[in-house]
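Chains as they are written, first to last, in the numbering used here: chain A, 1 to 218; chain B, 1001 to 1080.
Hints are not guaranteed to be accurate.
Unchecked claim - Simulated restraints, written as ranges between beta carbons of each label pair:
#1 A:L139 / B:F1061: 22 to 32 Å
#2 B:L1046 / A:Y156: 44 to 54 Å
#3 B:A1031 / A:I145: 46 to 56 Å
Claimed, not checked - With a straight-line cut-off of 30 Å between C-alpha atoms, the simulated BS3-like cross-links for lysine-lysine are:
#4 B:K1075 / A:K210
#5 B:K1065 / A:K210
#6 B:K1075 / A:K60
#7 A:K209 / A:K135
#8 A:K210 / B:K1069
#9 B:K1065 / A:K135
#10 B:K1066 / A:K2
#11 B:K1065 / B:K1075
#12 A:K138 / B:K1069
#13 A:K209 / B:K1069
#14 A:K138 / B:K1065
#15 B:K1069 / A:K5
#16 B:K1078 / A:K210
#17 A:K60 / B:K1078
#18 B:K1078 / A:K138
#19 A:K2 / B:K1069
Said to hold, decoys possible - Interface residues of chain A toward chain B, partial, derived using beta-carbon atoms under 10 Å:
#20 G19
#21 L93
#22 H133
#23 A134
#24 F153
#25 I201
If you are wondering where the hints come from, they were derived from the structure by calculation, not from laboratory data. For each residue, glycine too, the CB sits at the ideal point set by N, CA and C.
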Amino acid sequence: MKVWKYVVAAWMTLVIIGGFLIEIPEIPILEQTARNIFFHVPMWMTMFLLFVISFWYSIKYLNDQDMEFDIKASSAASVGVAFGVCGLLTGSLWARFTWGSWWTFAEPKMNLAALALMIYVAYFVLRSAFDDHAKRAKLSAVYNIFAVTTIPFLLYVVPRQLTSLHPGADGNPAFSEITADELRFILYPAFIGFIALGYWIYEILSRYKKVQFELENS
Amino acid sequence: MQEDTLAVVDTLTQAYADQWSGPAVAEDAGAFIQFMSSNELIYVVLGVSLIIWAVLLFFLFRVDKKVSKLEEQIKSSKEA
């Protein structure tokens, strides 16, 4: 194992401890759940990064038909979906105790995030429809490029224009003067930690798939 | 400008407004809801952490099983 993985393990341990123990100001309704920002928001950041990695390798595959790129693209998308599911479930639990409902159709970001995940689920459905490796790789790479272009619109552009219970709606910045500044001290390290953790899991999965591919073709 | 257009577009908010009107805990709420709502909602943060842990664990177990299958394949191909 490489050194950076031990650093990630220690870093994440500190982020979790810090996330629970840091002093936060009293915020009505949110109360202690303000700490969820350290866990819920990085899920989405990690998902974005993994989808960008997936997009990158899909382009590389179309340029140069090397199966390794397809393996990396599909591994990144799969770990990205796992983090997206974490984001949806944590968001749903958080919503129940602050907004009063597990799910509301009045909340654009929530529903569009679910839609974005559906688009990526379709990517895996598409992949499973082909037995021929080269055909599967090529078509799913093309689909993946379409899929990633929807993400910024579904999760940033559209929700920002609508009324939303999420911070950052109505054209406001998510972190404004009404948000407690102290939260940043844990939030930004949490971004780094979870993104590194997601990259680590992606690396393990793609290494596994590569070994499997080489075994099948040996 | 936004306020006007929103007033027209956003009928869903009105329709669902009573459903997310606040975190009030009813007396007759279930034991789970009452427990989660106690102690300034800190258990919600615990729940969120556990959800992430559970999903990552699930993912890890799946990859682990796949690796075991590969190992068996290698083993049986060596024996054959």
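Status of the hints after comparison with the structure:
1. A:L139 / B:F1061: 22 to 32 Å: holds, 30 Å
2. B:L1046 / A:Y156: 44 to 54 Å: violated, 30 Å
3. B:A1031 / A:I145: 46 to 56 Å: Check passed, 49 Å falls within 46 to 56 Å.
4. B:K1075 / A:K210: The hint holds at about 18 Å.
5. B:K1065 / A:K210: holds, 16 Å
6. B:K1075 / A:K60: Measuring from Cα to Cα gives roughly 34 Å; hence the hint is violated.
7. A:K209 / A:K135: The hint holds at about 17 Å.
8. A:K210 / B:K1069: holds, 14 Å
9. B:K1065 / A:K135: holds, 27 Å
10. B:K1066 / A:K2: holds, 23 Å
11. B:K1065 / B:K1075: holds, 15 Å
12. A:K138 / B:K1069: holds, 27 Å
13. A:K209 / B:K1069: Within the cut-off at roughly 12 Å; holds.
14. A:K138 / B:K1065: Between K138 of chain A and K1065 of chain B the Cα gap is close to 28 Å, so the pair holds against 30 Å.
15. B:K1069 / A:K5: Holds, at about 25 Å.
16. B:K1078 / A:K210: Holds: K1078 of chain B and K210 of chain A sit about 20 Å apart, inside 30 Å.
17. A:K60 / B:K1078: With Cα atoms ~35 Å apart, K60 of chain A and K1078 of chain B exceed 30 Å; violated.
18. B:K1078 / A:K138: Violated, at about 33 Å.
19. A:K2 / B:K1069: holds, 25 Å
20. G19: Because about 8 Å separates G19 of chain A from the closest Cβ in chain B, which is inside the 10 Å limit, the hint holds.
21. L93: It holds, given that the least Cβ distance between L93 of chain A and chain B is near 5 Å, below 10 Å.
22. H133: Cβ of H133 of chain A sits 17 Å from chain B, so the hint is violated.
23. A134: For A134 of chain A, the interface hint is violated, since the closest Cβ of chain B sits about 22 Å away, which is over 10 Å.
24. F153: Interface hint status for F153 of chain A: violated (17 Å vs cutoff 10 Å).
25. I201: holds, 7 Å
Comparing the model with each numbered hint stated earlier shows that hints 2, 6, 17, 18, 22, 23, 24 do not hold.
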